[in-house]
Amino acid sequence: MRKLWIILTYLVFILLIAAPLGKMATEAFSDGFSGFGLHCRGRRHCMR
Amino acid sequence: MNSLLRHKGWTWGFRTTILLYFVVLIVLPILGVYYNSFSLGFSTFIEAVSDPIAWKSVLLTLKLAVIATVINVLLGTMIAWVLIRYRFPGKALLNSLVDLPFALPTAVGGLMILLLLGPGSLIGGLAERLGFEIVFHQPAIVIAMIFVTFPFVIRAVQPLLEELDPSEEEAAYTMGAKSSRVFRQVILPSMAPGMISGGMLAFSRALAEFGAVVLVAGNIPGRTLVSSVFIFGEVESDNPVGAAAVSVILLTLSFLILWLINLLQMRGRRA
Chain A
1 MRKLWIILTY
11 LVFILLIAAP
21 LGKMATEAFS
31 DGFSGFGLHC
41 RGRRHCMR
Chain B
1 MNSLLRHKGW
11 TWGFRTTILL
21 YFVVLIVLPI
31 LGVYYNSFSL
41 GFSTFIEAVS
51 DPIAWKSVLL
61 TLKLAVIATV
71 INVLLGTMIA
81 WVLIRYRFPG
91 KALLNSLVDL
101 PFALPTAVGG
111 LMILLLLGPG
121 SLIGGLAERL
131 GFEIVFHQPA
141 IVIAMIFVTF
151 PFVIRAVQPL
161 LEELDPSEEE
171 AAYTMGAKSS
181 RVFRQVILPS
191 MAPGMISGGM
201 LAFSRALAEF
211 GAVVLVAGNI
221 PGRTLVSSVF
231 IFGEVESDNP
241 VGAAAVSVIL
251 LTLSFLILWL
261 INLLQMRGRR
271 A
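So the sequences go chain by chain: A and B.
Under my numbering, the residues of the first sequence are numbered 1 to 48, in order.
Under my numbering, the residues of the second sequence are numbered 1 to 271, in order.
It is worth saying that the hints were derived from the structure and are not from the lab.
Beta carbons: idealized from backbone N, C-alpha and C, even for Gly.
Be careful, since some hints might not be right.
Stretch by stretch, here's where chain A covers chain B in the computed footprint (C-beta under 8 Å, at least three residues) [unchecked claim]: (1) 75-88; (2) 146-156; (3) 159-165.
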């Protein structure tokens with residue numbers, strides 16, 4: 001029973017926190033590390 | 001130092017500062033909203049509130065906030081229990097992740113849900129093929145509400161479980177009670193105040209949620225348009241009275257909930 005509660009807790013954290021965070025990070029780096037922020041190419045804050 | 005602070009001038013100064021702070025930050029903005037909603041008369045207020053889009057948005061917000069709160073109370077209590085009672089690898093990491101929804105801008109929470117469950121994503125696409133619609137439908141709003149209110153119940157129940165005297169449970173077991181009965185009659189009553197106050201805070205926060213919800217709701221009047229987004233729309237379309245009328249309903253509900261929490265906590269302290 002104890003293992004089941006721990007697994008359920010991990011599952012909630014994975015579904016609610018880790019998976020959305022992971023997906024957002026994947027999306028941000030989808031063009032590779034050098035492509036990070038390419039959408040704002042030419043703007044000063046991205047050129048720094 | 002103490003005698004200096006007890007001096008009449010200091011006491012008066014402190015009181016005035018606190019009162020001024022409270023009036024400027026809380027009372028004046030609230031009075032402003034009430035004044036604005038009734039500025040064109042009570043009949044205009046009723047007209048604004050009885051607009052089908054307005055009251056449907058209020059009812060939808062209430063319904064979804066209740067669903068999100070019930071799920072949050074169940075999950076939050078389970079997580080608080082596991083984090084306090086069990087030792088397992090990664091416990092400290094999970095404990096620190098609890099507060100992440102508070103630290104993140106709510107719009108980021110909405111964006112994360114949109115990216116994970118949106119139509120173009122793996123999960124969103126799979127759900128769509130199975131006939132479930134998540135993003136731009138009510139389930140996405142509930143998920144967004146659960147995300148932003150996630151820490152409330154956990155952080156309210158954790159200290160109560162920490163303070164719970166193990167000898168009470170041991171006594172119950174010694175007297176032959178089964179674990180389910182010990183949970184119902186010893187543990188649950190100790191956790192209940194935290195579950196109630198955390199749940200109510202989560203409910204009032206869910207009622208007010210805007211940033212995460214606006215990105216994932218679709219905002220279709222009568223179907224996925226919640227009150228906060230409705231208010232934003234009314235302000236944008238230059239109808240401050242309509243926005244203030246719905247705000248008054250939300251404000252009054254939130255105030256009643258907070259007042260109830262205070263009342264329950266005061267009774268708990270007396271008992």
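Verdict on chain A covering the stretch 146-156 of chain B, criterion of 3 CB contacts below 8 Å: Check passed, 3 qualifying residues.
Counting residues of the stretch 159-165 of chain B that have a beta-carbon nearer than 8 Å to any beta-carbon of chain A, does the count reach 3? With 0 residues close enough to chain A, the hint is violated.
Apply the coverage criterion to the stretch 75-88 of chain B and chain A: a residue qualifies when its Cβ sits closer than 8 Å to a Cβ of the chain, and three qualifying residues are needed. holds (count 8)
Consistency note: the structure conflicts with earlier hint 3 alone.
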